[in-house]
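Construct all of the structure, not just a fragment, from the sequences and the given hints.
Listed here are the chains, written in short residue letters.
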Amino acid sequence: MLVFAFKRLAQSIAVLFVMSALVFVGVYAIGNPVDILINPQADQAEIAAATRALGLDQPLWNQYWTFVSGALAGDLGKSFAANIPAVRLILERMPATLELALAAMVIAVVLGIPLGLWAGLKPDSVSGRVIMAGSILGFSLPTFWVGLLLIMVFSVWLGWLPPTGRGETVTVLGVPVSFLTWDGLKHLFMPAMNLALFKLSLLIRLTRAGTREALAQDYVRFARAKGLSMERVVRVHVLKNIMIPIVTVTGLEFGSVIAFAIVTETIFAWPGMGKLLIDSINVLDRPVIVAYLLIIVLIFVLINLIVDLAYTALDPRVRLAGRSA
Amino acid sequence: MKTTFLIPLPSSLLPQAGRDFARDRVAAAALAVLSLILLAAIAAPLITPQDPYDLARLDILDSKLAPGAKAGAGFTFWLGSDDQGRDMVSAILYGLRISLGVGALSTAVALGLGMTIGLVSAYAGGWLDNLIMRLVDLQLSFPSILIALVLLAVVGQGVDKIVIALVFVQWAYYARTVRGAALVEKRREYVDAARVMAFSARRIVFRHILPNVLPPLIVVATVQVAHAIALEATLSFLGLGMPITSPSLGLLIANGFAHLLSGRYWISFFPGMALLVTIVAINLVGDRLRDVLNPRLTSHYGA
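Residue numbers (the numbering used here), protein chains in the order written: chain A, 2 to 326; chain B, 1009 to 1311.
None of these hints come from the bench; they were simulated from the model. Just to be clear, a hint being listed does not mean it is correct.
Pair ranges (Cβ atoms, derived) [as the list claims (entries may be wrong)]: (1) V237/A x L1047/B: 54 to 64 Å; (2) L303/A x D1028/B: 39 to 49 Å; (3) V69/A x L1054/B: 55 to 65 Å; (4) R1196/B x Q12/A: 32 to 42 Å.
All of these numbers come straight from a predicted model, not from anything done at the bench. Just so you know, even glycine gets a beta-carbon here, dropped at the ideal spot from N, CA and C.
Structure below.
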């Protein structure tokens, strides 16, 4: 287990380095930062001075070294627009995104697993079919359009929920959160539903497929033959066995929820880091874009690492397979 | 048990495949709807009451009219008009042309690229295969929207840029699919036979293996077209996709977003419906194609 964890950690660090190199090449080598950083009316001497000041006259590997050592120290430059360190700007916005992503995940899990279980137990019933049709629709509906529909129905027509913003927040352990105030909850509901929809559909399908597979296994038939109630068989025998893939997928999908929050945050003007990214792209605030990318890559790598390790701890078969290979 | 991929259908088998396809009535209906959408998009200049981008034909007095209102020029705005007095039916059909065109073009390029890379990877094996597959894994571990956003942030905007971005996020799916299928084919007797006959690697890969890995590839491509269209719409909605001169469905929706809060839902609702119907139709056709072309391949999501 320790060897596996160590190998996996080394892999993650390698991925981080590869990604940082790609981001660096993409942002610094392909585009010319001078064009964006320097006043267009500047003369040749000023441009040369600024190029030197930014270190852009150094060889590329040298620049990369400066970039990486800066990144390791948490220094990725200052935002042009806000004139504060880019990393700090993003970290300030991160709690809002994490809250939204967590809320979406909770909705997806709380609704998705029971619905999927139901559809798997009664695949030919009307309700089972309706659930499946709904999940197909959930896959096909573009997230941003669902967001618009939600605003149209709940804010414009019914007037129940506010269309944008985060509402009143309460500070818990130094982090502002919305879900503890009624106003904050009202603001959180629609974006969270919007973000949850795709994962909800995914979880329904996953749970349904797992349930159907488990029901056909000998141990389920044996448990039924032994005279156990269907309820107990489902709760103890089926659920336990389908939990491993569900936990894995839920964990892995958390990263993509954070990424998809870019769209949801833009629609609902949710002040998270996804909206910050879009705003930064629109004003070409390069340090913020780079910082966002590196932070999200870090989040992804961390999630993958944790899920892999948890998976190995949960399911000894994976460990054994890894050893024999 | 050996995995079997159907060999390319000889012409006598095509009607059979067609009958198989049509046995599912939902899929047949989806195909009919999709054909109608395609026809309408292609024939847009002939069947729309108005050229929505000829400024001389627009009348500002017609702006923001509700669905069913009469235009000054005599025709009816069945789906309403936008803030420029543009007929939404016409705008949607012209938008469909752009959305479908970008989706199909990027899918075709990505298909060619990913297919070649996947075939080379499978046939070459060794370190090259390892390297390519690591790249594919790395790319597929990030959501496509993130990759596309980053690319557009770096290279800037424009029709060509968005096609590049869509190609870039798609190639890995094809490379992986083709490699998997080609690895199975590579071990078949006919490949050994071709090798014994001293055919060049290139000939074996493209003339012998490629036709046999096409069916799963077609299935992935169908689903990916829908994916590409949705992604393009999302990027355009975020303001990073199509330029204002090529208004795709995503841009139409974004344009209507501003009017949504004042209750003029039709400016973004109907383009969204057009987008939804197109995507659902493509997905249903793709699902059925998978069943017909390869009964052993189960759904992506296990259902």
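Each hint, compared with the structure:
1. V237/A x L1047/B: 54 to 64 Å: holds (55 Å)
2. L303/A x D1028/B: 39 to 49 Å: Roughly 47 Å apart at Cβ, these two residues keep to the hinted range, so it holds.
3. V69/A x L1054/B: 55 to 65 Å: holds (58 Å)
4. R1196/B x Q12/A: 32 to 42 Å: Holds: the Cβ-Cβ distance is about 34 Å, inside 32 to 42 Å.
This entry satisfies every hint, going by the numbered hints stated previously.
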